[in-house]
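Residue numbers (the working numbering), protein chains in the order written: chain A, 1 to 110; chain B, 1 to 329.
FYI, nobody ran anything at the bench for these hints, they're computed from the structure.
Heads up, some of the hints might be wrong.
Calculated lysine-lysine pairs in the DSBU-like style (CA-CA distance at most 35 Å, straight line) [stated by the list, open to error]: (1) B:Lys209 x A:Lys45; (2) A:Lys26 x B:Lys38; (3) A:Lys8 x B:Lys38; (4) B:Lys218 x B:Lys38; (5) B:Lys79 x B:Lys129; (6) A:Lys45 x B:Lys129; (7) B:Lys253 x B:Lys38; (8) A:Lys26 x B:Lys209; (9) B:Lys174 x B:Lys209.
The following residues of chain A were derived to be distant from chain B, with all beta-carbon distances above 10 Å [to be verified]: (10) Ser17; (11) Ala20; (12) Glu22; (13) Glu25; (14) Phe27; (15) Phe35; (16) Ala49; (17) Ile62; (18) Leu70; (19) Lys72; (20) Gly73; (21) Val76; (22) Ile108.
Label pairs and their in silico Cβ distance ranges [said to hold, decoys possible]: (23) B:Asn29 x A:Asp29: 23 to 33 Å; (24) A:Thr3 x B:Ser249: 15 to 25 Å; (25) B:His30 x A:Glu22: 25 to 35 Å; (26) A:Ala36 x B:Ser107: 42 to 52 Å; (27) A:Ala36 x B:Asn29: 25 to 35 Å; (28) A:Asp2 x B:Asn259: 30 to 40 Å; (29) B:Gly220 x A:Gly38: 48 to 58 Å.
Here the structure is a predicted model, which means the values were calculated and not measured.
The C-beta atom is built at its ideal place from N, Cα and C for all residues, glycine as well.
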Amino acid sequence: MDTYYHPKDLPKFAEMSEGAPELAEKFFDYYSAVFAEGELTQREKSLIALAVAHAVQCPYCIDAYTQDCLEKGSNVNEMTEAIHVATAIRGGASLVHGVQMRNIADKISL
Amino acid sequence: MKQLHAVNNLCSNLYQVPNLETFRNNLANHGIDLTRKKCTTLQVNVGQLCNQSCRHCHLDAGPLRKEIMNENTASEVIKLAGRFRFEMIDITGGAPEMNPHITTLVSKLAPLTNTLILRSNLTAIAAEKQNGLLELLAGKRVAIIASLPSLNEAQSESQRGENTFAPSIRALRKLNALGYGLPDSDLELNLVCNPTGAFLPSSQEQVEKRFRQMLARKWGILFNNLYVFANVPLGRFLTWLEDSDNLESYILKLAAHFNPCTLEGLMCRSLISVSWDGYLFDCDFNQSLQLYMGNRRKHVSELQSLPGPGDTIAVSEHCYTCTAGSGFT
Chain A
1 MDTYYHPKDL
11 PKFAEMSEGA
21 PELAEKFFDY
31 YSAVFAEGEL
41 TQREKSLIAL
51 AVAHAVQCPY
61 CIDAYTQDCL
71 EKGSNVNEMT
81 EAIHVATAIR
91 GGASLVHGVQ
101 MRNIADKISL
Chain B
1 MKQLHAVNNL
11 CSNLYQVPNL
21 ETFRNNLANH
31 GIDLTRKKCT
41 TLQVNVGQLC
51 NQSCRHCHLD
61 AGPLRKEIMN
71 ENTASEVIKL
81 AGRFRFEMID
91 ITGGAPEMNP
101 HITTLVSKLA
111 PLTNTLILRS
121 NLTAIAAEKQ
131 NGLLELLAGK
141 RVAIIASLPS
151 LNEAQSESQR
161 GENTFAPSIR
171 ALRKLNALGY
181 GLPDSDLELN
191 LVCNPTGAFL
201 PSSQEQVEKR
211 FRQMLARKWG
221 ILFNNLYVFA
231 NVPLGRFLTW
241 LEDSDNLESY
251 ILKLAAHFNP
261 CTLEGLMCRS
271 LISVSWDGYL
281 FDCDFNQSLQ
291 LYMGNRRKHV
301 SELQSLPGPG
311 DTIAVSEHCY
321 TCTAGSGFT
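Looking at chain B on its own, in the form it has when it is part of the complex:
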């Protein structure tokens, strides 16, 4: 298996695919210098433990993973959020709900930012053992970004695993019952829809319209916004692409859909990403490659100043995902 975990393994391009221009060269060919803007968002990956093993996961998250943010690192993250004012703090995983310090993180980070987001796979957030978490999230006005790839059970479960669709629908209804996603409510519920295979996502506007109609009609579910994201060829998804002989066509398709207009809004330009063990990256995807921010392994406790306008961003060929079509939000 050719699974790639470290930048040291790079050949001419990350995927060793003939005819694939490196992302860096592609930017140069377009006369683009991809650098940072003002840093406004802190993304915190609290660990790779997850109750699901989604086939598109770029981090190989799953039930057997031991990499979980501990109390000390969580405390350093909270200190960081106190030292610098972030407009947005974005908690992700794995399943963040499974981190034993999640309630502390939510409680202490919420007052330190304008918008606190929790990314959820839906089945973990509504699990019995999470008693009280939903109420805490609602109380702290935490926005929820939930994954729902398809309105079709078989198609959804082909990505997220067996017996995940019905619990996801139940979780959405539970969130609605708490006020999430309802008109005139300040509890925001946004959905994320990733393609269920080696193809690009549809128009965000059209998918959102269809999901809004169908979720309301079939299950009475409401939500605020829907975002479509292409799958990033890393981690478990990369393994599947290789095993199914889809890697070359998929990465070439992403590269062929390179859209310079996406560069202005790329999240890596305004975000720092902290890994479960407290190290700093330009985005969550770079964690999968151990592609450190500033190309230096730096711990959150060492960060004296935020990266600023003009600072470099670590890139590789997986970055074609965020620049394909209408891009990544």
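So that you can see chain A by itself, here it is in the shape it has in the complex:
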């Protein structure tokens, strides 16, 4: 194995049903339902998925949802903005914890 991630592994996702088929069926049914058209369009959901894929840094998801976003009619500018949303939340999550640092520092400092 020369790398942990290989693009050809992505289509093998469904093989995860082997070993625990009932759980996999529940998961994949849920997954399909989540991405169906609802109050949000499929295009909007795909943009959210792309942003989350970057937040969780999943190469499989980035590959899959880059293609899916394009197929759903999004353009690269919209996709880039979506990633900035994930970046802002991820960075903001770090920064806001600075409040804890300040609280602790205040408590133990003269």
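Once you have looked at the hints, place chain B on chain A.
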């Protein structure tokens, strides 16, 4: 470059891609015999001259192409339309507007069919030199099918070339001003949306809904219907797929999305396609491969009877495009 122009070049499959089942074998595996139904549509390709060089064009159409339907061939096409009654006649190119005989074709074909369609790239139809063409089209109640791949300028122009988006929007507004695409008007304006790369189109219903909202909101543009088509791996698009190393994954993706439900409505089952020089094909895409109707090079002037139910259709692996997902209209 591996660009493929003739059927003689075929190996096991058109694209020489490992693990790609030939289209013919795939049909056999599904127990499908793809044959013709009643022929109801005449498609006329009036030439490969175009003012644009779109990167997804299956015919390599562009400003330097010399293959243009001449007066004699146009006359033979008009005679054909007089000999047989076609429910629909579909004029395409290149940019049909640039053929010097386009006004004759439109004027003489319109009375011979229920629906005359002109496929337009939008920038040619609204060009200054086309003075009077729009009014003729409106007067003859010619339906217009116009290409608009994206609502985003950069994405649209990545497919259709620089400085094409704003003129396309202007052309759509001009068509609306003539009555095209308006509610209660009999002037039909339909849009075609091809993906801007090596990926499949989205749901037609969802794209149409979004285009309808956005075109109206941003530019006040109205239209009747929107169709999504996958790009056919032929011509300039095939060259790009090869050069960008996308061919294998793209054709395998098309094949993986093979949907037998599309077969009933395939246009090749009810259409004959005439090339710029008057030869007959089962569809416009087959022109790119010189894949003749009935596997015989036959001129429009020789056609004594239309192909009918049960007749064979010339197919190859590019046909996976029209059978992927929800298919080609």
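Right, here's what the structure says about each hint:
{"no.": "1", "hint": "B:Lys209 x A:Lys45", "result": "16 Å, holds"}
{"no.": "2", "hint": "A:Lys26 x B:Lys38", "result": "47 Å, violated"}
{"no.": "3", "hint": "A:Lys8 x B:Lys38", "result": "44 Å, violated"}
{"no.": "4", "hint": "B:Lys218 x B:Lys38", "result": "43 Å, violated"}
{"no.": "5", "hint": "B:Lys79 x B:Lys129", "result": "28 Å, holds"}
{"no.": "6", "hint": "A:Lys45 x B:Lys129", "result": "45 Å, violated"}
{"no.": "7", "hint": "B:Lys253 x B:Lys38", "result": "31 Å, holds"}
{"no.": "8", "hint": "A:Lys26 x B:Lys209", "result": "31 Å, holds"}
{"no.": "9", "hint": "B:Lys174 x B:Lys209", "result": "22 Å, holds"}
{"no.": "10", "hint": "Ser17", "result": "19 Å, holds"}
{"no.": "11", "hint": "Ala20", "result": "26 Å, holds"}
{"no.": "12", "hint": "Glu22", "result": "27 Å, holds"}
{"no.": "13", "hint": "Glu25", "result": "22 Å, holds"}
{"no.": "14", "hint": "Phe27", "result": "22 Å, holds"}
{"no.": "15", "hint": "Phe35", "result": "12 Å, holds"}
{"no.": "16", "hint": "Ala49", "result": "15 Å, holds"}
{"no.": "17", "hint": "Ile62", "result": "15 Å, holds"}
{"no.": "18", "hint": "Leu70", "result": "5 Å, violated"}
{"no.": "19", "hint": "Lys72", "result": "5 Å, violated"}
{"no.": "20", "hint": "Gly73", "result": "5 Å, violated"}
{"no.": "21", "hint": "Val76", "result": "7 Å, violated"}
{"no.": "22", "hint": "Ile108", "result": "54 Å, holds"}
{"no.": "23", "hint": "B:Asn29 x A:Asp29: 23 to 33 Å", "result": "29 Å, holds"}
{"no.": "24", "hint": "A:Thr3 x B:Ser249: 15 to 25 Å", "result": "19 Å, holds"}
{"no.": "25", "hint": "B:His30 x A:Glu22: 25 to 35 Å", "result": "31 Å, holds"}
{"no.": "26", "hint": "A:Ala36 x B:Ser107: 42 to 52 Å", "result": "49 Å, holds"}
{"no.": "27", "hint": "A:Ala36 x B:Asn29: 25 to 35 Å", "result": "30 Å, holds"}
{"no.": "28", "hint": "A:Asp2 x B:Asn259: 30 to 40 Å", "result": "37 Å, holds"}
{"no.": "29", "hint": "B:Gly220 x A:Gly38: 48 to 58 Å", "result": "30 Å, violated"}
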